[in-house]
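Trainee: Here the protein sequences come in this chain order: A and B.
Per our numbering, residue 20 is the first one in the first sequence, and the count goes up by one each step.
Per our numbering, residue 76 is the first one in the second sequence, and the count goes up by one each step.
If you are wondering where the hints come from, they were derived from the structure by calculation, not from laboratory data.
Worth double-checking, as some hints may not be accurate.
[As the list claims (entries may be wrong)] Below 25 Å or equal to it, Euclidean Cα-Cα: the simulated BS3-like pairs (lysine-lysine) are:
hint, chain 1, residue 1, chain 2, residue 2
1, B, LYS211, B, LYS101
2, B, LYS318, A, LYS85
3, B, LYS211, B, LYS281
4, A, LYS97, A, LYS71
5, B, LYS281, B, LYS296
6, A, LYS71, B, LYS318
This one's a predicted model, so the numbers in the text were calculated from it and none came from an experiment.
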Amino acid sequence: MMTDPEIRAHILDAIATVVPSSRGVPLTDDVDLREELELDSMDILRVLVGVKERFGVEVPDADTSKFFRVGSALAWIKTHASSP
Amino acid sequence: MPELTFIMPSLGADMERGRVGAWRVKAGDRIRRGQVIVDVDTDKGLIDVECFHDAVVQEILVAEGHEVPVGAPIARLQVEGATAATTTATKAAATPTAPFIPPPTPTPVRALSPLPTSALMSADDTARPLASPLAKRRARELGVDLAHVRPGPEGRITAEDVEAAAAWAARATAQTAAQTAAVPTTAVTVTAPPTPAGEAPPKDPKEAMRRAIAASMSRSKRDIPHYYLWQDVDVTDTLAWLKAENARRSLSERLLFAAVLAHAVAQTASAFPECNGTHEGGAHRPSDVVHLGFATSQRGGGLIAPAILNADGKDVGAMMMAINDLVARVRSGGLRGSEMTLGTITLSSLGDTGVDGTLPVIQPPQVAIVGVGRVVDRAIVRAGAIVVRSMVTVSVAADHRVSDGARGARFLIALDKALSTPPASASSSLAADAPPPAEARP
Numbered sequence: 020m021m022t023d024p025e026i027r028a029h030i031l032d033a034i035a036t037v038v039p040s041s042r043g044v045p046l047t048d049d050v051d052l053r054e055e056l057e058l059d060s061m062d063i064l065r066v067l068v069g070v071k072e073r074f075g076v077e078v079p080d081a082d083t084s085k086f087f088r089v090g091s092a093l094a095w096i097k098t099h100a101s102s103p
Numbered sequence: 076m077p078e079l080t081f082i083m084p085s086l087g088a089d090m091e092r093g094r095v096g097a098w099r100v101k102a103g104d105r106i107r108r109g110q111v112i113v114d115v116d117t118d119k120g121l122i123d124v125e126c127f128h129d130a131v132v133q134e135i136l137v138a139e140g141h142e143v144p145v146g147a148p149i150a151r152l153q154v155e156g157a158t159a160a161t162t163t164a165t166k167a168a169a170t171p172t173a174p175f176i177p178p179p180t181p182t183p184v185r186a187l188s189p190l191p192t193s194a195l196m197s198a199d200d201t202a203r204p205l206a207s208p209l210a211k212r213r214a215r216e217l218g219v220d221l222a223h224v225r226p227g228p229e230g231r232i233t234a235e236d237v238e239a240a241a242a243w244a245a246r247a248t249a250q251t252a253a254q255t256a257a258v259p260t261t262a263v264t265v266t267a268p269p270t271p272a273g274e275a276p277p278k279d280p281k282e283a284m285r286r287a288i289a290a291s292m293s294r295s296k297r298d299i300p301h302y303y304l305w306q307d308v309d310v311t312d313t314l315a316w317l318k319a320e321n322a323r324r325s326l327s328e329r330l331l332f333a334a335v336l337a338h339a340v341a342q343t344a345s346a347f348p349e350c351n352g353t354h355e356g357g358a359h360r361p362s363d364v365v366h367l368g369f370a371t372s373q374r375g376g377g378l379i380a381p382a383i384l385n386a387d388g389k390d391v392g393a394m395m396m397a398i399n400d401l402v403a404r405v406r407s408g409g410l411r412g413s414e415m416t417l418g419t420i421t422l423s424s425l426g427d428t429g430v431d432g433t434l435p436v437i438q439p440p441q442v443a444i445v446g447v448g449r450v451v452d453r454a455i456v457r458a459g460a461i462v463v464r465s466m467v468t469v470s471v472a473a474d475h476r477v478s479d480g481a482r483g484a485r486f487l488i489a490l491d492k493a494l495s496t497p498p499a500s501a502s503s504s505l506a507a508d509a510p511p512p513a514e515a516r517p
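Based on the sequences and whatever the hints tell you, model everything.
Mentor: So this is what it looks like as structure tokens:
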């Protein structure tokens, strides 16, 4: 069972895979990634692919907005991933 | 067999010089139409340049790393089966009416193959640190460890970054810069003189990009008499279709609204030659095929609008894969010369930024551009009642030398209809992964 910091680290890694320059950028849980990192809809989709690779769970289209922020993404993964 | 002089191509209305990044062929090689033969480093990044003839390479004229003006000979080819006399490959490439052979199907990773979810990632995304092919080559040549090179403002290591690191290391070890530069780069013959010292100072990629955009947009505003039209389009039904479609699709096959937009623009443009083509040399050249420029922002600033080739032949599913492939290559390298030169109309969607609408600037030598803002729920009057609908403001800027407002309005109304009506179907990635047609319509 992953801890919250471990889940957060995996989420940030998925984001950094899409936006390499985000590595090392402090991202609080409530910051809007679309504004902070200028993520567009294609970027968000690629983050979801990274989430699936890391947690083995596919984020449905209806829940895409949960991944606009790290905090809500973390909460979603804790709820939906079988053993994050 | 006639000889063909392969020149440094113009990969954008603003391009004046280009640097030979890496040759993909050598003297004696046989090349096929559509084959990428050289990478050219431009202000807008590294572009893969194709040859549009079956030919045999006779001689490489400009070595890798050297910068020459647009139009300068960079290779000699011997064309097979051609009837024309000496010509230039790039003139054919830059003419929308010229037949275009799609290049070989991209690698499975870039082609969004259906099975692995990693298909949405480009190969370079997983590499650390990110570096252009030219930068990697220069790093090997100069013995530079990319892990020790500081990336440029876009987080990507360029050849200049590598060379700067090599020069620094050389100074640090008390070697001269001349000794560093003496490392052999390639065995090709150099008959073009190297760029004189001081003529092409090391450039800041971000500054170079701004210069390129400034040149292109200034030309557009100077030469093209724009007129603008806009329309609020009800996309409620289309979004409902998109939602239902995505509910049954896997993550790797998911569609974005951008693909629906691009599909609608391409289908509409194919019926309006006044809005689809180019204006060069005082004449309008309508195009029967739609090569849809897709305006894409670059990390850290800048904009580039490579074309989705043969866009009017793609359904929404195929369009989604084309966009995904194109955006990945905008941000990690691998754009082709044809994609930079063959555009016939452009789509600029700023919906993700949150603005309501845009009045875009035409990309020369094209004659129209479509702008799209964000989708927003609005209260509108429908059949005497106030209802809430999902609306998006769509605009078109068109060239008054080619069309008038009345015709542009018909284009926009047709686009409204295409966009407000759900697409008839959308292929899955399996079907859309089929190879492109052997030859685009002229």
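Trainee: Each of the hints needs a verdict: does it hold here or not?
Mentor: Results for each hint:
1. LYS211(B) x LYS101(B): holds (20 Å)
2. LYS318(B) x LYS85(A): OK: LYS318(B) and LYS85(A) at ~16 Å, within 25 Å.
3. LYS211(B) x LYS281(B): The hint holds at about 20 Å.
4. LYS97(A) x LYS71(A): Roughly 13 Å between the alpha carbons, so the hint for LYS97(A) and LYS71(A) holds.
5. LYS281(B) x LYS296(B): holds (22 Å)
6. LYS71(A) x LYS318(B): The hint holds at about 20 Å.
Hint compliance for this structure: every hint is met.
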